[in-house]
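Hey, can you work out the whole structure from these sequences and the hints?
For the record, the sequence lines run as chains D, B, P and V.
With our numbering applied, the first sequence corresponds to residues 1 to 452, in that order.
With our numbering applied, the second sequence corresponds to residues 1 to 452, in that order.
With our numbering applied, the third sequence corresponds to residues 1 to 452, in that order.
With our numbering applied, the fourth sequence corresponds to residues 1 to 452, in that order.
Simulated from the structure, these hints should not be mistaken for lab results.
Note that CB positions come from ideal geometry on N, CA and C, so glycine has one too.
Hints are all accurate, no fakes.
Beyond 10 Å from chain B on every Cβ pair, some chain D residues (computed):
| hint | residue |
| --- | --- |
| 1 | A46 |
| 2 | G93 |
| 3 | S133 |
| 4 | A143 |
| 5 | V202 |
| 6 | S216 |
| 7 | P221 |
| 8 | L346 |
| 9 | I348 |
| 10 | A351 |
| 11 | S395 |
| 12 | N423 |
| 13 | S441 |
No more than 25 Å apart at the CA atoms, straight line, and that leaves these computed lysine to any residue pairs for SDA-like:
| hint | chain 1 | residue 1 | chain 2 | residue 2 |
| --- | --- | --- | --- | --- |
| 14 | P | K385 | B | A71 |
| 15 | V | K376 | D | L205 |
| 16 | B | K376 | P | R89 |
Covered stretches of chain V, going by a simulated chain P footprint (3 or more residues, C-beta under 8 Å):
| hint | stretch |
| --- | --- |
| 17 | 4-16 |
| 18 | 62-68 |
| 19 | 312-322 |
Number of protein chains: 4
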Amino acid sequence: MPLLDGLFYSPSVEPFFSDSASIQFLLDFESALARAESKAGVIPAAAASVISANCRAELLDLPALAAAVPASANLAIPLVKQLTQLVARQNAGAARFVHWGATSQDAIDTALILQLRSASTVILSDLDSLCDSLAAIADKHRATPIVARTLLQQALPTSFGFIVAGWLDALLRHRDRLLSFAERAFVLQFGGAVGTLAALGVHGLSVAKHLAAELSLPLPPAPWHSHRDRIAEIASTFGLCAATLNKIAHDLALHMQTEIAELAEPHPPGRGGSSTMPHKQNPVSCAAILAATNRVPGLVTTIFTMQSQEHQRGLGSWHAEWTTLPEIVRLTAGALHHLAALAPNLQINTARMCENLELTHGLIYAEAISMTLAEKIGRVAAHEKIAAACQLAISSRRHLRDVLASQSELSSADLDRLFDPRNYLGSSSALIDAILLNARSRGKSHQRSAKG
Amino acid sequence: MPLLDGLFYSPSVEPFFSDSASIQFLLDFESALARAESKAGVIPAAAASVISANCRAELLDLPALAAAVPASANLAIPLVKQLTQLVARQNAGAARFVHWGATSQDAIDTALILQLRSASTVILSDLDSLCDSLAAIADKHRATPIVARTLLQQALPTSFGFIVAGWLDALLRHRDRLLSFAERAFVLQFGGAVGTLAALGVHGLSVAKHLAAELSLPLPPAPWHSHRDRIAEIASTFGLCAATLNKIAHDLALHMQTEIAELAEPHPPGRGGSSTMPHKQNPVSCAAILAATNRVPGLVTTIFTMQSQEHQRGLGSWHAEWTTLPEIVRLTAGALHHLAALAPNLQINTARMCENLELTHGLIYAEAISMTLAEKIGRVAAHEKIAAACQLAISSRRHLRDVLASQSELSSADLDRLFDPRNYLGSSSALIDAILLNARSRGKSHQRSAKG
Amino acid sequence: MPLLDGLFYSPSVEPFFSDSASIQFLLDFESALARAESKAGVIPAAAASVISANCRAELLDLPALAAAVPASANLAIPLVKQLTQLVARQNAGAARFVHWGATSQDAIDTALILQLRSASTVILSDLDSLCDSLAAIADKHRATPIVARTLLQQALPTSFGFIVAGWLDALLRHRDRLLSFAERAFVLQFGGAVGTLAALGVHGLSVAKHLAAELSLPLPPAPWHSHRDRIAEIASTFGLCAATLNKIAHDLALHMQTEIAELAEPHPPGRGGSSTMPHKQNPVSCAAILAATNRVPGLVTTIFTMQSQEHQRGLGSWHAEWTTLPEIVRLTAGALHHLAALAPNLQINTARMCENLELTHGLIYAEAISMTLAEKIGRVAAHEKIAAACQLAISSRRHLRDVLASQSELSSADLDRLFDPRNYLGSSSALIDAILLNARSRGKSHQRSAKG
Amino acid sequence: MPLLDGLFYSPSVEPFFSDSASIQFLLDFESALARAESKAGVIPAAAASVISANCRAELLDLPALAAAVPASANLAIPLVKQLTQLVARQNAGAARFVHWGATSQDAIDTALILQLRSASTVILSDLDSLCDSLAAIADKHRATPIVARTLLQQALPTSFGFIVAGWLDALLRHRDRLLSFAERAFVLQFGGAVGTLAALGVHGLSVAKHLAAELSLPLPPAPWHSHRDRIAEIASTFGLCAATLNKIAHDLALHMQTEIAELAEPHPPGRGGSSTMPHKQNPVSCAAILAATNRVPGLVTTIFTMQSQEHQRGLGSWHAEWTTLPEIVRLTAGALHHLAALAPNLQINTARMCENLELTHGLIYAEAISMTLAEKIGRVAAHEKIAAACQLAISSRRHLRDVLASQSELSSADLDRLFDPRNYLGSSSALIDAILLNARSRGKSHQRSAKG
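Right under this line is the structure:
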């Protein structure tokens, strides 16, 4: 339902996936093929010229294409027919050279690669924007105390900046993956009917090299029609990134729970309301990010199960990739778009973070106290003694500090120090620095890779 | 990519899933709600009348709806706003009663159920048509010998009718499931904001009953906003059916392999050709059925993993169902459409079936011979003796019958009988009868259920 | 890692899945087959007798079986060999009739069905125990106020009993599914090598009927070697149930968050502690339930994608079911075991439920107030007015009641009533009754089905 | 069912996954931690020494460990208790320093990484062995004609060596992935309770560095307790490899079909037989490879859906990884083991490959003829003319060459050349060379990486 597109997709990435854009990527292949074959001396330059000139999506009859798909189970076959007719109107001699020596999968796979490569550029840009926002928060809140939670229970103090730096650290890994896998996965597909390029005689490899150059795509050692590991690597790389976006939105939503309220989405008028409850301020950006990324793992599964394609070209398995892989990329882009928009506007309630640190009446400092005590009486004895004090604090509804005040091993000054969350942040600041350093050097490496 | 819709979907089912149809199902809920509340004495009859009159999709501004979705993460909220404005133009007093006491999930879930119920009717009809075609083939070819294959190796003779009856038997089970699960799964969703119907005061259950009657939907014991087992049962029931369609198309394609050639798709001009190989007659219907059904299990996975929705309404998990569940139904319908179209036109090459029975030079009769011999010398001894004869036949490239002719236990008449595939069909004809009986009684039960 | 079995599985169900139990179910098939063939007059009664007498797992050499599996890709083939040798030692004549006319898949599939049927009985019993516990809580807490939460935000008051009744309602549906699907799915598999029962000549159907009777299994219309919809239905039915267990544990864990603390697991000494934090009381039962059920959807996916089995018996797809399907059942049983143990001991903090209702300073009563006001000034105007009051209450950090006290439409008595959660439970008590009625009638129907 | 282990797993990899090996990897962490803390000056050298000395799996009571798992939902907690008791018997002072400053997830995650790294070494070795076998076949059969098949239909001639080189090319990519991802994914986990290393005061990073060095694991920028992208990358990298193994086994099995018979598994006595059909020679190695790899995508799905782990440590999601991730690696290793054993013994029937090239009576040369003709009369005209000739050949049951002999554009010498498969292998030999070059340079780089 296109009505829901705004929830799931990114407005900056969607244009690459429109019908006409999809057709144009196919035509870009056909156009580049003609030019490559001209350069390789396989077809006349004049033929290449008129073919290229007609490779414009707006010249094609898209409804007729759609209507022809079921009879060929394939978009390239009717597209080549239409293109041939277009070219023939201008130059009958040139028309014979349309799609020369290629197979429909060469066009469809390469067009998909071109499409995803274009989308990836925008996605990396959104990812960089998100990383910048998170880096700023991590730095600013590196000493803002907040409770860390494990198994959905309050555990120990940490800093909000360190939590955010953890998100950033993961996103930087995804950035690396998206940059590095591109070299392996975004490559030319060109092998002719069965991968041998036999229809091009002795010119096969020459055409392949020219074609790769025309499209600025690496030329792989061999065609890969029925070896889909590159496709599955694309799916899993975006799927990994989507899963981290899901984790971040999940955490945000948990922090936004009414009872925790450490974070909130901005709620300008008309945003996040309920159809029936006037007070509701729903975390709609989180809902959108979760909705989009929740749909990704199942689609990745489809791509993984479709990798076993028969012989030199699969039946039905290849076809099942066609909408599935773009959907993975579009949903990841959609979630990234929503999160990149939310991050700089995230409402951070540091006062509430402090209040929540007090909810357990000191219990979250138990480890700190136990470790200090352990230096005096051993880890196990300390653990047991403090666990007992915790039980007493709970059962008597007293603050743990009050319970411990009557115990002799720890001085009042010790206790002052031990019950201050800022004194139990460990190495978090140094770890934040390490992550921020990576984030900053990324900026440079990105410029390098953009140049290189 | 809508360009590929013809490959994946059914033209008779797609209209239920258009944007305007989807909106209309939402409006059908709002309209029925107003009438139900009027009957329950909760809102004035005049208000219900004007609300109902405005519940027409063509009156709404769909692009505005789409644009409003991200701010509410929800289609019902902006729809209710537009509807309220429409009603207000005619009757300001009535406008206050639009969506009275309902929550957006009531509308969205119920509209989905109405949509899927409508689609199911068409799907069942296509399924009946397919069953009829298969029943005819099973009956006609009940004694047509063909080799049965296990682990992709020729095993024993069977009849082509029995193979087809096996497909039919599975489809009849799916038919039963689709009919019986409907009672459990196609039910009203109505609970108000948190399932208590509190906004309707003492009238909650009365409105619920009237609403169920208005929509001809069963009223479940309680609302089920965050209990999605019904949704997952819909997904898995269609998913099961899709998997059988996949199995049938997979089998068809294996029978259609150039080297087996027992079956073929019809190839009128322009169908199944290759962009480069003039002789190719690709099984494009099989490709389409496999393509559609290959995409289903991953989508079912999404629905299963989304069942764990938090508290009284989930965040992001419910939203992830919205396009996923319809997609499962649409793809199943698409595959069914293609198979129902192919079945009556399937080209059946009985001569080739006979030729293939001879490919192993009699080896596929080894079990029959072994069982006959076992009556004389025991199962193990017979198995070993015939296995040795098989080895000899293979190594000496002789027909198994020739090898056995020189062995004394079996007479020439025995061998004549044993090497005739028609004498080794076992209980297959009786089993076909049992399945065809089910197929015929289905017809009646379907008429009954259509009346009932 | 068997070390973790206690986390994932149920001690009462595991015995059905041990190696020796698995072997015994295979032997039960072989034993019943011999008796059935004797009754059908196919093999001598004496042979059947000695075969049956040797069908005891403790007589077999299990390590030798395991070692023989790779050469046959199959457990039944070496098992039949061992059994034949055992029988031959006592009666060489009888040995020839071991496994007479059956194929290995007949034995393996039927043994699986017997195994799962046995496990299901225990699982249904655990499910009944869980339902009883939940019914008691639902009844006891039908008027215990708690806040309902949607999209992880506080929404409106509800009762804790109603929340629990919702869990119960879903489990009752699963109970129905588990009972009703058993008739469709727990059936005999018996078709011989390719489903025709040809090796049994004219006696095929007679043996099949006797065999079904011996094993108390329904006899389906036809063998189903490569039609796995029954297998997938078993997988999805347990998968559905597992998903609801996951949802319940997920909800429990959310209620148990330190900041919400409305529920807790019991924490006897040594349970739920952390290796490093003395105060930690981790929800370990929830962890176990979630861990087990989180693993199920992926396994269900495997079963769904394996349904497309080639021709009369699949290659590698059937084999992939062998450990996957039992794992689904075992994990569901494990989660059920943990939840059935937790439910009667769940610590319910009603005081904290009341405190949490006050966290929003009255905002959660906004809908109730809005609906009351709507009767006076219309739904939209009321919604907007109360939304504005909510904003004022938030920004001025006042209680909503204080904000509204200065507004004229609502009297002080109105406000008293409107801010009492017990007055906004709507139809929840009646809905609880409907669910409890189903729960009680279940008891009876279960007895009936046990008799029938 | 351990009885089936021989089907699914690799005998050389399984020892890393036994209970005692799994425990030993945990103890290796605890031992290295003690040594690292001693080097960092956090605990006494004597304590580290006695702790390390007791970190031997055979000293632990494994049944007691297993029994303690449900109460802690965790293996490390009871393990640390047992280890502490062991140490205390020898040195009460040292016992207090067991597990000092670490959390259970530090131990469990790092032990998993150590386990998978060990397994990977063996897996890479099996993969190299398989690549060597395939490289030899590709080279030997580079000019062996065979028909290429697309959409399960005969398409054009190719060479068997080129098909095998395609498999090899994909496996070389997996080899690269397995080597390169290891740097990203096989890293230390060490953060203490919530990732801050706070329990180690100022010594956190120093201990982390020493610990990484002790275990020869890279030290990542920060702990990653609830960021599981590394785990998911491990899952997907092995999953990708498994999918290619599945594709190869799938292709092998298709080539082994009775009707095609171009390849066969070796069938020594007792291998690949049927329980009932004496002649059957089932492709049991293919069955095993397919069975193992068919189970992988569903498990990868579980890992992907489990990535969204709450806050600083997830509830139930982390736990769901514990058996799932090792299972993915074990199944991949199992499939690789079976394929590496089969490859050098694959029976290659080149005569049958030639026969199958003739099955279409020349139709598979249609593209070659069409391309040659196209140089004379244009691509479209040639395509149409040859398509018509194909139709005539089919309908008149004549060889395409006979049909074309009566047409004037092509000479008899042309036809001789065009109907010889060896003249239509295109660039396949050069492509094989490129792949073999990669295969050989891999050998060197592997030696380098083994040294480096």
